[in-house]
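Chemist: The chain contents come next:
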Amino acid sequence: MAYLDAASAEPMSPAARQALLAALDDGWADPGRLYREGRRASLLLDQAREQVAAVLRCRADEVAFTSSGTQAVQLAVLGAVLARQSASRGPGHVVVSAVEHSSVLNAAAQAEQAGSQVTIAGVGADGRVDVAGFTDAVRRDRTVLACLQSANHEVGTIQPVADVVAECQAHGVPLLVDAAASAGRAPLPTGWSMLATSGHKWGGPPGVGVMVIRKTVRWRAPMPAGNREGHRVPGFPNLPAIISAVAALEAFEAARDEADIALRALTGQIRDRIPALIPDCVVHGERANALPHIVSFSCLYIDGEALVIELDKAGFSVSSGSACATDTQQPSHVLAAMGAITHGNVRVSLPRDTSEETVTKFLEVLPQIASRLRGSAGQSRKAG
Amino acid sequence: MPVNSTQPPAGQPGTAAAPALCIDALGRKCPVPIIMLAERIGEVAVGQVVQVLADDPAAKTDVPAWCGLKSHDYVGSAELAGEAGWAFLVRRGY
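Residue numbers (this note's numbering), protein chains in the order written: chain C, 1 to 384; chain L, 1 to 94.
Think of the hints as simulated: they come from the structure by calculation, not from any bench.
Be a bit skeptical, because a hint or two may be false.
[Stated by the list, open to error] Incomplete in silico selection of chain L near chain C, CB under 7 Å:
1. LEU26
2. CYS30
3. ASP55
4. ALA65
5. GLY82
[To be verified] In silico lysine to aspartate or glutamate, EDC-like type, Cα no more than 16 Å apart, as pairs:
6. L:LYS70 with C:ASP280
7. L:LYS29 with L:ASP73
8. C:LYS361 with C:GLU305
9. L:LYS29 with C:GLU305
10. C:LYS215 with C:ASP312
11. C:LYS361 with C:GLU310
Glycine included, every Cβ here is placed at the ideal spot set by N, Cα and C.
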């Protein structure tokens with residue numbers, strides 16, 4: 001069996017597992033209490049915060065742990081909009097790229113329902129945001145927030161964050177970078193005002209997100225805030241999972257360069273060989289500007305759900321952006337924004353320990369499945 | 001039932017975009033509308049227009065994307081009455 005959906009969840013690393021088990025003994029108490037168990041938990045939580053801040057290059061007091069990457073994104077978006085809402089001028093204008101993770105788009109949609117204006121900046125065929133379109137939108141009057149991911153979770157395209165930072169700063173527009181897809185895998189962009197990322201993307205356990213809000217950013221807690229996490233995130237922190245996620249991030253970051261070389265070689269093989277092995281199959285995004293572990297391709301005239309199911313039967317776990325393969329029954333908004341074929345789509349995202357053998361076997365099996373599925377549909381390909 | 005099934009979308013010259021073939025893919029799930037289009041576009045002459053009726057949401061993206069890949073001209077789409085889907089117009093490119 002080969003699990004090839006690291007972009008959904010990277011399997012928990014040994015470092016994460018060990019840290020989680022160790023933390024269960026010390027990390028269960030309330031870090032807000034004055035007694036020894038509480039103080040111990042508080043010490044561990046502060047330590048985790050310092051460790052994350054070092055990796056993300058921010059101050060520890062700018063870091064808040066959340067229960068997921070989605071929560072980190074949504075608190076960041078809604079809090080930034082709330083802080084700039086004015087009694088006289090109403091809610092402001094928000095700019096998002098068309099290929100943001102659905103958590104960002106959903107938060108923007110909610111802000112829009114509550115009166116904000118939202119501009120969705122388009123992308124090119126490779127999924128890279130149109131910088132001119134994005135910065136034009138940032139310059140609009142009353143822009144209170146801009147959101148651009150560090151890299152795309154579906155096709156792996158790295159976004160030109162550096163190219164929009166100057167404009168955002170010049171116009172006093174806070175920039176949220178959703179770094180869930182790239183943290184621990186690619187250098188973090190600089191110049192962001194807020195950052196969100198997710199523990200299970202780098203081999204940590206589920207249930208941990210990180211929201212970073214720079215000191216200079218106006219932000220107001222959109223959820224009823226207690227005292228925890230600097231009055232930003234309600235709820236008792238999952239401290240054992242946080243400790244585990246932080247250990248996982250440090251391990252991921254330490255092995256980043258080596259992993260980049262290995263994974264890029266493997267996804268490179270997939271990018272190179274698919275067009276030769278399978279007729280009418282399009283690989284998305286540009287290799288030179290992509291995360292090392294993700295490759296997405298769409299096979300014409302094939303049902304994406306059927307592809308995923310057949311691959312699962314053959315021992316390969318992959319995901320798909322095709323409508324039939326998702327629980328929303330809507331085609332991937334990322335592929336749609338790129339003008340790409342959404343049916344017959346497969347996203348392969350390789351976990352860190354993937355062997356060359358696995359990729360070789362995948363490339364043997366996939367064309368057989370594609371041809372079988374096309375054949376059974378009774379279709380013959382004509383000049384069209 | 002589709003309204004104006006043989007009329008081009010507003011703004012197009014009437015005779016230039018009138019479809020030579022109508023493919024009814026209503027009720028069919030992607031990729032079937034695209035398969036049907038690919039299979040049958042050869043039935044019209046180069047420069048003639050095929051109309052595809054489809055209600056699968058993926059068709060909205062996939063018809064223009066397929067045109068781009070296969071060097072046919074995506075002329076446009078019109079929504080069908082009663083939110084019954086869309087009529088896509090494709091001009092055979094070669």
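Chemist: If a hint holds in the structure, say so; if it does not, say that too.
Modeler: To see whether the hints hold, each was checked on the structure:
1. LEU26: violated (16 Å)
2. CYS30: Result: holds, 4 Å to nearest chain C Cβ.
3. ASP55: violated (12 Å)
4. ALA65: Check passed: Cβ of L:ALA65 comes within 5 Å of chain C, closer than 7 Å.
5. GLY82: Since chain C brings no Cβ nearer than about 20 Å to L:GLY82, farther than 7 Å, the hint is violated.
6. L:LYS70 with C:ASP280: holds (10 Å)
7. L:LYS29 with L:ASP73: The hint is violated at about 23 Å.
8. C:LYS361 with C:GLU305: Given that 16 Å is the threshold and the Cα spacing comes to 21 Å, the pair is violated.
9. L:LYS29 with C:GLU305: holds (12 Å)
10. C:LYS215 with C:ASP312: violated (47 Å)
11. C:LYS361 with C:GLU310: holds (14 Å)
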